[in-house]
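My request is simple: use the sequences and hints to build the entire structure.
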Amino acid sequence: DTGVSQNPRHKITKRGQNVTFRCDPISEHNRLYWYRQTLGQGPEFLTYFQNEAQLEKSRLLSDRFSAERPKGSFSTLEIQRTEQGDSAMYLCASSEWDSAKPQHFGDGTRLSIL
Amino acid sequence: AQKVTQAQTEISVVEKEDVTLDCVYETRDTTYYLFWYKQPPSGELVFLIRRNSFDEQNEISGRYSWNFQKSTSSFNFTITASQVVDSAVYFCALMGRVGTDKLIFGTGTRLQVFP
Numbered sequence: 008d009t010g011v012s013q014n015p016r017h018k019i020t021k022r023g024q025n026v027t028f029r030c031d032p033i034s035e036h037n038r039l040y041w042y043r044q045t046l047g048q049g050p051e052f053l054t055y056f057q058n059e060a061q062l063e064k065s066r067l068l069s070d071r072f073s074a075e076r077p078k079g080s081f082s083t084l085e086i087q088r089t090e091q092g093d094s095a096m097y098l099c100a101s102s103e104w105d106s107a108k109p110q111h112f113g114d115g116t117r118l119s120i121l
Numbered sequence: 012a013q014k015v016t017q018a019q020t021e022i023s024v025v026e027k028e029d030v031t032l033d034c035v036y037e038t039r040d041t042t043y044y045l046f047w048y049k050q051p052p053s054g055e056l057v058f059l060i061r062r063n064s065f066d067e068q069n070e071i072s073g074r075y076s077w078n079f080q081k082s083t084s085s086f087n088f089t090i091t092a093s094q095v096v097d098s099a100v101y102f103c104a105l106m107g108r109v110g111t112d113k114l115i116f117g118t119g120t121r122l123q124v125f126p
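Protein sequence lines correspond, in order, to chains A and B.
Take 8 as the starting number for the first sequence in my numbering and just add one per residue.
Take 12 as the starting number for the second sequence in my numbering and just add one per residue.
There may be inaccurate statements among the hints.
Selected chain B positions facing chain A (Cβ under 7 Å, derived; list incomplete) [as the list claims (entries may be wrong)]:
| no. | residue |
| --- | --- |
| 1 | Asp40 |
| 2 | Tyr44 |
| 3 | Pro52 |
| 4 | Leu56 |
| 5 | Phe58 |
| 6 | Arg61 |
| 7 | Trp77 |
| 8 | Phe102 |
| 9 | Met106 |
| 10 | Lys113 |
| 11 | Gly117 |
| 12 | Thr118 |
| 13 | Gly119 |
Calculated Cβ distances over 12 Å to all of chain A for the following chain B residues [what the hints assert, rightly or not]:
| no. | residue |
| --- | --- |
| 14 | Arg74 |
| 15 | Gln94 |
| 16 | Val124 |
| 17 | Pro126 |
Note that these hints are calculated values from the structure, not bench results.
Think of the CB as a built atom: it goes at the ideal place given N, C-alpha and C, for glycine as much as any other residue.
This is the structure in structure tokens:
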């Protein structure tokens, strides 16, 4: 069990640029989640996948955000035309298929918009 | 609506003191799960415990204990004989409507343990 891996750890970009983050879940986990955490707040749910199917999306996920999980393995989260308000820590988590199993989190990708 | 409230923003204690972190939740679901996570300065959220709504037994794991009371919608976390390594932000989270699987987190309590 190597844990959930996220890349990059930090991303600094100018407003208006596109960014993409990657998450590699724990290998036997079918479910994969994305959360966003801003300073002093708890993580907020963005979306989740069961295998390659995206089953739920939060209203926080505007049309500038898109997430994919091709072949049910790793996942990518892309933000187009970044804005200052997108600055946050983006967290990925994975869990086993059974409902309500604990979600195991990666170290996150910290996004800073200049 | 589902909500988790952690009213204590920050707590400071001296090593070996006991400390309790409060968590109050709101949900209309009859079946739900409650979680505690620890976020040390390194940033990774570490799972501590999961409790389902039908199991009100208190749980103890080493220096950690949890008190779940449905009557007051609370799921409090106590650290006995705190240590400097316990310094972190602790989050309480709710998962309602089994099947959606999204966690709803509180705003966290920052615990600082001084030597």
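Verification of the hints:
{"no.": "1", "hint": "Asp40", "result": "violated (12 Å)"}
{"no.": "2", "hint": "Tyr44", "result": "holds (5 Å)"}
{"no.": "3", "hint": "Pro52", "result": "violated (12 Å)"}
{"no.": "4", "hint": "Leu56", "result": "holds (4 Å)"}
{"no.": "5", "hint": "Phe58", "result": "holds (5 Å)"}
{"no.": "6", "hint": "Arg61", "result": "holds (5 Å)"}
{"no.": "7", "hint": "Trp77", "result": "violated (14 Å)"}
{"no.": "8", "hint": "Phe102", "result": "holds (5 Å)"}
{"no.": "9", "hint": "Met106", "result": "holds (6 Å)"}
{"no.": "10", "hint": "Lys113", "result": "holds (4 Å)"}
{"no.": "11", "hint": "Gly117", "result": "holds (5 Å)"}
{"no.": "12", "hint": "Thr118", "result": "holds (5 Å)"}
{"no.": "13", "hint": "Gly119", "result": "holds (5 Å)"}
{"no.": "14", "hint": "Arg74", "result": "holds (20 Å)"}
{"no.": "15", "hint": "Gln94", "result": "holds (23 Å)"}
{"no.": "16", "hint": "Val124", "result": "holds (20 Å)"}
{"no.": "17", "hint": "Pro126", "result": "holds (26 Å)"}
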